[in-house]
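Asker: So the protein lines, in turn, are chains A and B. Going left to right, the first sequence walks through residues 250 to 516 as the working numbering numbers them. Going left to right, the second sequence walks through residues 438 to 658 as the working numbering numbers them.
Heads up, none of these hints are tricks.
Across the chosen pairs, the derived CB separations fall in these ranges: (1) R543(B) to L418(A): 26 to 32 Å; (2) H552(B) to P315(A): 18 to 24 Å; (3) M438(B) to G437(A): 49 to 55 Å; (4) H552(B) to A498(A): 37 to 43 Å; (5) I407(A) to R589(B): 35 to 41 Å; (6) L642(B) to L418(A): 41 to 47 Å; (7) Y458(A) to G547(B): 27 to 33 Å.
Where chain B lies over chain A, by a calculated footprint (3+ residues, C-beta under 8 Å): (8) 388-397; (9) 405-412; (10) 456-464; (11) 471-479.
Listed next, the stretches of chain B that the computed footprint assigns to chain A, with coverage defined by at least 3 CB atoms under 8 Å from CB atoms of chain A: (12) 501-511; (13) 545-553; (14) 558-572.
Everything labelled a hint here was simulated from the structure, so no lab data went into it. All of these numbers come straight from a predicted model, not from anything done at the bench. Just so you know, even glycine gets a beta-carbon here, dropped at the ideal spot from N, CA and C.
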Amino acid sequence: MEHSYLDELARRSSPLHRVEARLKAAGALGMIVAAMLLPPERTWPFAAYLAVLGGLLLLARLPLLPVLRRLAGLAPFVLTAAVLLPFTRPGDGTVSASLQLGGWELRLYRAGLLAAKAVLLKSLISGGSAVLLVCTTPFSGLLRGLERLHFPRLLLTIISFLYRYLFLLQGEFLRLARAARSRNWDAGPLRARLAAAGGIVGSLFLRTYDRGERVYTAMLARGYDGRSRTLSDPAVTRGAAAGLGVFLALVLGVLAAALLAAPGATP
Amino acid sequence: MSVPPGESVGLIGPNGAGKSTLLLHLNGSLGHGDGERVRVFGLPVSRPNLHQVRRRVGLVFQDPEDQLFSPTVFEDVAFGPLNLGFSGAELVQRVRRALAAVEIPRELEGRLAHHLSYGEKRRIAIATVLAMDAEILALDEPTGNLDPAGRRGLIALLAGLPLTKLIATHDLEMALEVCRRVVLLDRGRVAADGPAREVLADEALMREHRLEVPLSLRLAR
Chain A
250 MEHSYLDELA RRSSPLHRVE ARLKAAGALG MIVAAMLLPP ERTWPFAAYL AVLGGLLLLA
310 RLPLLPVLRR LAGLAPFVLT AAVLLPFTRP GDGTVSASLQ LGGWELRLYR AGLLAAKAVL
370 LKSLISGGSA VLLVCTTPFS GLLRGLERLH FPRLLLTIIS FLYRYLFLLQ GEFLRLARAA
430 RSRNWDAGPL RARLAAAGGI VGSLFLRTYD RGERVYTAML ARGYDGRSRT LSDPAVTRGA
490 AAGLGVFLAL VLGVLAAALL AAPGATP
Chain B
438 MSVPPGESVG LIGPNGAGKS TLLLHLNGSL GHGDGERVRV FGLPVSRPNL HQVRRRVGLV
498 FQDPEDQLFS PTVFEDVAFG PLNLGFSGAE LVQRVRRALA AVEIPRELEG RLAHHLSYGE
558 KRRIAIATVL AMDAEILALD EPTGNLDPAG RRGLIALLAG LPLTKLIATH DLEMALEVCR
618 RVVLLDRGRV AADGPAREVL ADEALMREHR LEVPLSLRLA R
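Chain A extracted, bound-state conformation (with noise of 0.2 Å):
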């Protein structure tokens, strides 16, 4: 995995791209907090979310095979979730099917149904949020937004340096690895090579330890106080602001048409 790998996507250019920071994550935040209120007993609010979802990735002109990649990330967890919950939520007991098995009976619930149904729409629109977001936003892009909507500074200088410095260590992790292979590592007994192996850990650790010193000497001759000061980031533009309004009406019109009409009507 490289950083080009990871801003890939983020890098071309369509109008989703070029729509300020900020805007894209406030839409996608605003976006994935409706889902989550959603009433999962109906299918048109969720159909309709996909749909702007989708209408929002042919905007980005993005090719659908990696973005479905990087969303099938999430499918471990949701998958287990999903396969798990129409068994272990009784509800109020209502069984929608039951299976035997020898001597066991397997009890599909209705409620355990609906939650797995809430679970999977609900995951897969905000991961289709969350993923449409970093697709079309390069990262130093995405953390000045999140800055600009006052996310905590800390928080956010400790992302930027994890991005910077993650590939690095798996660098130097592979190097180490690669040193201790060339001299049989493999080959040795279990124990030594679990010595080996903590010794490897170990030395990284010091070496991210030096490194940060040195990172942070670096730092304060150029200056720095322990105040974080960024550049001005491009001004918004009112198409933008516009597109988003009208983004988050959609987004929002769908959440209270859902939530007013009768919980108990069929959809």
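Starting from the structure of chain A, add chain B where the hints point.
Answerer: This is chain B only, laid out in the frame that chain A set:
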């Protein structure tokens, strides 16, 4: 030892002689007691002067990975000027001027420094202090890890920068080329101080301090 404005001084000496330590002391990175021992432009390096000293002494670290910590090249070069309070068009202009001085093309501004070549990283590291209008350039092993063409480019760049330069290095050929004067340090003390051609050609002195006479001087004999 003292260094007059505009001079280029090579700091040479064996490993552990105190070359890097001396550079770090120049801007108070290693503590700043009474500040009477180190003076920069006549100012003691002590807390009240620290900001001014750090602006005027541009420290370029041995490993550019330590110096370039921002998500983009542009932000890295802007870090110093931002801390000095610059913003807007003036900031952009400073960053562009510094990058142009080290011959980094505009396309690289938005890139992450980690993925550039070692030579580019080294030049950007120099740009980060040029953008602060440093008057003294303090470089730690600037030609280390560069390929011969990268090294040649860096030597040309250093020779062309009209600043006071202090260059700690084991690359004695480079010291000979860039610096008129060299200071030989060993175990934290000045062991010799004089014209580069004379100090570097002194075979006994060089051997005594785990150095050697550069090949170019031996051949010229």
